[in-house]
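Chemist: So you can see what is in the structure, the chains are spelled out below.
Number of protein chains: 2
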Amino acid sequence: MSKKITKRSENYSKWYNELVVKADLAENSAVRGMMVIKPYGYAIWEKMQAELDRMFKETGHQNAYFPLFVPKSLFEAEEKNAKGFAKECAIVTHYRLETDPDNEGKLRVDPKAKLEEELIVRPTSEAIIWKTYKGWIQSYRDLPLLINQWANVVRWEMRTRLFLRTAEFLWQEGHTAHATSEEALIEAKQMHDIYATFLKDFMAIPVIKGEKTENERFAGAISTFTVEALMQDGKALQAGTSHFLGQNFAKAFDVKFTTKEGKQEHVWATSWGVTTRLIGALVMTHSDDNGLVLPPNLAPIQVVIVPIHRNEEQLNAISEVADDLTKKLRAVGVSVKYDNRTTHKPGFKFAEYELKGVPLRIAIGPRDIENGTVELARRDTLSKDYIKQNEVTTIVVDLLKEIQETLYTKALNFRDTHITEVNSFEEFKKVLENKGGFISAHWDGTVETEKEIKKLTKASIRCVALDVKQEEGVCILTGKPSSKRVLFAKAY
Amino acid sequence: MSKKITKRSENYSKWYNELVVKADLAENSAVRGMMVIKPYGYAIWEKMQAELDRMFKETGHQNAYFPLFVPKSLFEAEEKNAKGFAKECAIVTHYRLETDPDNEGKLRVDPKAKLEEELIVRPTSEAIIWKTYKGWIQSYRDLPLLINQWANVVRWEMRTRLFLRTAEFLWQEGHTAHATSEEALIEAKQMHDIYATFLKDFMAIPVIKGEKTENERFAGAISTFTVEALMQDGKALQAGTSHFLGQNFAKAFDVKFTTKEGKQEHVWATSWGVTTRLIGALVMTHSDDNGLVLPPNLAPIQVVIVPIHRNEEQLNAISEVADDLTKKLRAVGVSVKYDNRTTHKPGFKFAEYELKGVPLRIAIGPRDIENGTVELARRDTLSKDYIKQNEVTTIVVDLLKEIQETLYTKALNFRDTHITEVNSFEEFKKVLENKGGFISAHWDGTVETEKEIKKLTKASIRCVALDVKQEEGVCILTGKPSSKRVLFAKAY
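Chains A and B supply the protein sequences, listed in that same order. For the first sequence, the working numbering assigns the number 1 to the initial residue and increments by one for each residue that follows. For the second sequence, the working numbering assigns the number 1 to the initial residue and increments by one for each residue that follows.
In short, the hints are calculated from the structure, not lab data. Watch out, some of these pointers could steer you wrong.
Copies of one chain are not kept apart here, so a pair can be met inside one copy or by any two copies together.
Stated by the list, open to error - Derived pair list, reagent style PhoX-like, types lysine-lysine, alpha-carbon separation capped at 25 angstroms:
id	residue 1	residue 2
1	K451	K401
2	K22	K256
3	K112	K410
4	K430	K235
5	K388	K57
6	K106	K251
7	K112	K87
8	K57	K114
9	K345	K260
10	K57	K47
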């Protein structure tokens, strides 16, 4: 199979693009900047959805669905938010096509079917949701309102990359309403924690939990909490954000409630989301030059069984063992695929599942039938071993746990050795170019300096870590005083 | 609580509209013709999705995701399909807003950001999917391709009603590709069967399985199989369709494959879908003048427990029993809600859960604590009974099954007594006006006659039932010969 991919050391970016396509995760579509998520990639998204949805519901959230379109007048009601998204909005202006009289068999936009008010395809749903919440919230008894939506959104990005930045993407967006500022802040932090936990326990990705600077904040938010991951090329990736919105949207849409004491007050809000870009983060954190490496907790197929045979008689004997193993593994919750296709050779299959990052591969040949063994191969370490058939279930269950932990530890080590403290701008630039990763440095706290550093180096402030310690210092660019370090990095 | 709804006998249509809103299923949004699906309504959709998704996967289908937008040139490639949807398309023409210089704080469409080619918001995805399949299918080894998508679609309907007909709706759309006509036809029929089974086993709705006439067929299909349900007002509702598309889309998008014998042939296609309108069908089939009646297999809450108490001490004693029952019921897979809110009285709660169609209600008062009993009430029959606490689990499990069956049987009886054979146009009109339901009548097989009957009576041919028997007769309108009866009805 001609599925060899570029090496990471040669061209990391090319490696990623090729891998996503060749491992059948996604591909570019006929629509500029929009992707097709292929079944294998979508199966990973479904696994992510299932876990996140469970975590949201366990914390009292319910799902709902709001319209795809936002009338322009609603969209612009919260000015900062509107301004933040105005430059990347897809806009519906007409509602009908007609036969083109000059072009047989072709259609054209019917000029008579022009909308009185343009509709924005949602880039995010605060506007339409807060317009709706106005009807749902009257009294403190209606609060908190804890709602999540699984949906598609459109942001007309000029430069797109599969999963990482696409004109349409899938996501979940939570939108909650609360009686007090404190309660809303607790909610925003709770969801921030849930994202960090999900990334750690399921994606095997360590994150830095922090807060965005004013310049990097969500348009319309008071605080934006972020989980920042580090990719193998030393660039950071914002993996999820949770926003404390204060009363901005409640004021823009006039959403008030009667307190227990009978007063009228604006409600307090949060919103939070993760997107299909998480799949990009997953690929870039763990995979290698041979292809994907998937953490068992999100792998659509955890174990693949491949028969090695010369004739039908051998295949029958192998299939008997394979079917038995499949049954036993499924009984303990392991997802197994027995690939008994006779149209493809074992070598082709080995390469395919290696490329697709299936955590464990079991190969069974005629000699294994004689010996009561199977060959078990790990995708992450590429190590192989012969084990007894009657020990497969126990060993597989243990190994899947071990692989999950190994991947996390490896990523954590990489991340921890790629946080570098610097104390001068020269040092900053040197580390950024030669080593990459997060750079911990003092900054004077102004938007101007932040923008100037980004202009000079392409590095942005990823976050102020929540566990940052107070420390006197001077800004690496301006020499002005600073009370704590922030984390810079080039980012996706 | 002022949630009294109009009686069905007074105004069935008003009853439906009020019920959907008051039972918190959905409401109209700020966008013309688009609805907000509220948490309780969305929870029903999630239950439907889970079962359908399982049934699709058990028959070998995989989920994937394709773009929301379809470039106009692709959209018009399959001419019949394009023509069928052209009049109800939302069209994206621009990709940016800019500050309105004449209106402070407002935005306007940036005329410089006009798209070279307009994008259609998908009303259905055959075009974009078949454009993609061209890249996925080369050989017979790539077939069959069995893919489903859960997505939102937009059809610019002029007259909309919550769930039944909305400008945006949620659905699943299956799109499969096959090597032979026979195999595609078997697939289309298999999905038709799955829909009928789902409606019967989960929605407790009996359907007539049939085939659409040419005039009512999906635009671009060779055959459209439909499941037709009957609502309590005697109108039919198309609940799901499965299309055999022949080679129409393969030809429009030039999708060929190499056969085992090395020949190049166009592939064969099916598509099939059900939508959030199923929730409308569910409401209209089972509910009554007191509110929703939900079949246990799709009810978000199957059992609600309401405490009846005068003081905290009583509530504590009741809560102990309620918590124990909740635990036991959940252990056997029953979804339970214990509503211990002290902000609302029992009477309010009784009315609320009646309105929301929770199949079983358990009330526990101080005397029940003394006697070791609970009061158990059925939503469908409104009957009540005292039962022993230690028998609750067994009785609830049995009753949920019984209610599911009772609802189906009741709907089946109603449907079966509302299929009327007629042999003249006078009789046809009389039955249609006085009794409603399906009318089984001879028809001459022409589109003209079908359209004329619809014009005169508003009744359309719902389908030719798959189990129709051959029978000589004459068309009720034209007197021309006919070899079998078809089913007419007014429809949603």
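Chemist: May I ask which of the numbered hints given earlier this structure violates, with the numbers listed in increasing order?
Modeler: 1, 3, 5, 8
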